[in-house]
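Chain P is fixed; fit chain D onto it per the hints.
There are 2 protein chains.
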Amino acid sequence: MTWVPGAAGSPYGVHNLPYGVFRHGGRPDRIGVRIGDLLLDLDGAEAAGLVLAGGALRTATLNAFLALGRPQWSAVRARVTELLTDPAHRAAVEPLLVPLQEVELALPFQVGDYVDFYSSEAHATNVGRMFRPDEAPLPPNWKHLPIGYHGRGGTVVVSGTPVTRPSGQRATPAGPVFGPSTRLDIEAEVGFVVGTPSALGTPVPVDSFADHVFGVVLVNDWSARDLQAWEYRPLGPFLAKSFATSVSPWVVPLDALADAWLPAPEQDPPVLDYLRDIPHLGLDLRLAVDWNGTVVSRPPFAGMYWTPAQQLAHLTVNGAVVRTGDLYASGTVSGPTREETGSFLELTWGGAEPVKLDGGERTFLEDGDTVTISATAPGPDGVTVGLGEVCGTIVAAGPPPR
Amino acid sequence: MTWVPGAAGSPYGVHNLPYGVFRHGGRPDRIGVRIGDLLLDLDGAEAAGLVLAGGALRTATLNAFLALGRPQWSAVRARVTELLTDPAHRAAVEPLLVPLQEVELALPFQVGDYVDFYSSEAHATNVGRMFRPDEAPLPPNWKHLPIGYHGRGGTVVVSGTPVTRPSGQRATPAGPVFGPSTRLDIEAEVGFVVGTPSALGTPVPVDSFADHVFGVVLVNDWSARDLQAWEYRPLGPFLAKSFATSVSPWVVPLDALADAWLPAPEQDPPVLDYLRDIPHLGLDLRLAVDWNGTVVSRPPFAGMYWTPAQQLAHLTVNGAVVRTGDLYASGTVSGPTREETGSFLELTWGGAEPVKLDGGERTFLEDGDTVTISATAPGPDGVTVGLGEVCGTIVAAGPPPR
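These protein sequence lines map, in sequence, to chains P and D. With the UniProt record's numbering as the guide, the letters of the first sequence map in order to residues 1 to 402. With the UniProt record's numbering as the guide, the letters of the second sequence map in order to residues 1 to 402.
Okay, chain P solo, but in the shape it has when bound:
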């Protein structure tokens, strides 16, 4: 039981303890851990000798801490828990607590390689129907491997960063034209943050997931559907995605999600050996997509066909390295019903079936729209684990380059 006022029973109690990077009082960015509606200044805590991490908590980004590896992650978590629960520490720790409303949250880690998967069967089926109506909805490889592709690490931004509407080429009957995207969309996803690196040429086995992955963020992989439809053959999405990918400011440790694992959907046909995870588990994360104040969808992460352990095993089976700070996202999280879809492409069926919003009808994103994706997971003893939120507001496109 934590002594921090208001934290006990909250989704951000001592069972959670997500890490982030904050700005406060004009000082340089510092690492903190959330407890209730406060954060514990870990830079100050390590400076005071209250927690020891070899200086890794005294930097402006989580990367050095992420690189320490699971034994150290566990040790720091145990010590932080002790500081926040044992009243004997209250006098020393309380001055290091900062109200969340006083801070600005920064990108929590420097992103290395960013990979985006495509692991919801409902999403892949929906997109296949819309983008490739003359073919089977699921590509022939889809149930044999977790399809993924590389995105742009350099345009991963923290929640709250305004998203400028991208311009680019889209097809018209008269040929391609250049201009601001007219079909700007979201993708509600869950991202996995790599801590411990792997070695070049050495795959990460499917059962070594927790040795490498530190924790979870929420991801909004903003997508310009008109740009995507024109550019993506044959080498995949490029500018339709690379203008911005937003992540939540809190990295929730896997340790906080121990009660959220549950059997993942059965895989038929059976997968190849290197993808066989026993037990085959997914995470019961319950997402909510809020569009200008209205929750329009509740995508269930529990139904994802490919698990995060399988994704990591696949990503490295060719010998590719993962590095500290690498991020891989699940792909759009969509359940089988319209109210569980993780994109507006699916929610409005390509714009053909608008949703009611703000007293009118809406399809894709308009300038000024704000989308907030949040999530919770089951925690210990009936309490909830909060994953925070990732939000962004659309800003009008800038002028053409010249």
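Please keep in mind that the hints were generated in silico from the structure rather than gathered at the bench. Don't be surprised by glycine CBs; every beta carbon is placed ideally from N, CA and C. Treat each hint with caution, since some may be false.
Unchecked claim - Reference listing, derived: stretches of chain D covered by chain P, where coverage requires no fewer than 3 residues with Cβ under 8 Å from a Cβ of chain P:
id : region
1  : 78-90
2  : 149-159
3  : 193-206
4  : 224-231
5  : 319-332
Relative to the frame of chain P, chain D by itself:
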């Protein structure tokens, strides 16, 4: 005229001066500039006050120097030229020259985002014919935009790094199987190294290329064609490419290539405004692909349909940032004849038409094979600019993950 013995008239005279990172005498990695068959230790030169770059030359990677921007790049180049040509500096500079055969060359810069284009018309046509025989060889978007996709920055390695044969899934009539790639290939490319970053949301105009790009490396984008054919639809190549991408150890500054620009192929249909570069110039880089000691191909970079300035303008037109250390590659450089192709897929027409090599016939790469891609460009006064080489030897696949 340089006073450095043996350097005058060489492809690495004072007209070239490529930058790299070297290891020597058990000391930490240092920055050097090549002159003839020696390198000038720029760490030592800045330490001695012979060249001033605010400490950017006293680090273990080129990134800080790349971040300085064009005026500083020019100032350092002018000063290094002075040091290597004015005999008055010889006594101070000569002790800082290190024979190349004594050093090990390291990855010259930390790679941020890695993008690979697809800008040779001959290559795209050849691949289209082989991968999509039922469709037009060039996709409908190909002449409207420089198609590209993101690769894996974390597995960019320096020339000389052994390349382990990747394992992965390939299709068979009985379904996908897992194992070492049986169609391992090269892609001979030219890479552009970003120095000056751009701002999120602000495209880089097509005429600002030289403000952002510092220089050029040679790239071998190793490719597993069997993995690629099975995985690439609908989101593009992933594991078929991400196991290793080799780059040359020397970054040749754009300043060294001033005499290598020439008109690029005329573009018909006309391109959209943001891609219109006037003058429309390519680089006359002459590549050579050596396979186990035999030059099997001479790909001409001058014939590339899309120019590096157009590629950068396209890459950022949606507001995506470029950062210091970002690398974008041209895509496979292939000319119209078989002897000008930049991949063995094309050279052997998908393996159907083997080439004679080592007294036998060969199609794709075998374990132990070594491929070396080199290039030269025309320099001032009839002298040649050497771009060095990127080489790699194939090592047998490791065991499966478990």
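| Are 3 or more residues of the region 193-206 of chain D near chain P, judged by a Cβ distance of less than 8 Å? | holds (count 7)
Given as covered by chain P, does the region 78-90 of chain D meet the bar of three residues or more with CB within less than 8 Å? violated (count 0)
At least three residues with a C-beta closer than 8 Å to a C-beta of chain P: is that true for the region 319-332 of chain D?
holds (count 6)
Q) Within the assertion that chain P covers the region 149-159 of chain D, do at least three residues meet a Cβ-to-Cβ distance smaller than 8 Å? A) Holds: 8 residues of the region 149-159 of chain D have a Cβ under 8 Å from chain P.
How about the region 224-231 of chain D: do at least three of its residues have a C-beta closer than 8 Å to a C-beta of chain P?
-> Contact hint for the region 224-231 of chain D vs chain P: holds, 4 residues under 8 Å.
Violated hint: 1 only; the structure is consistent with all others.
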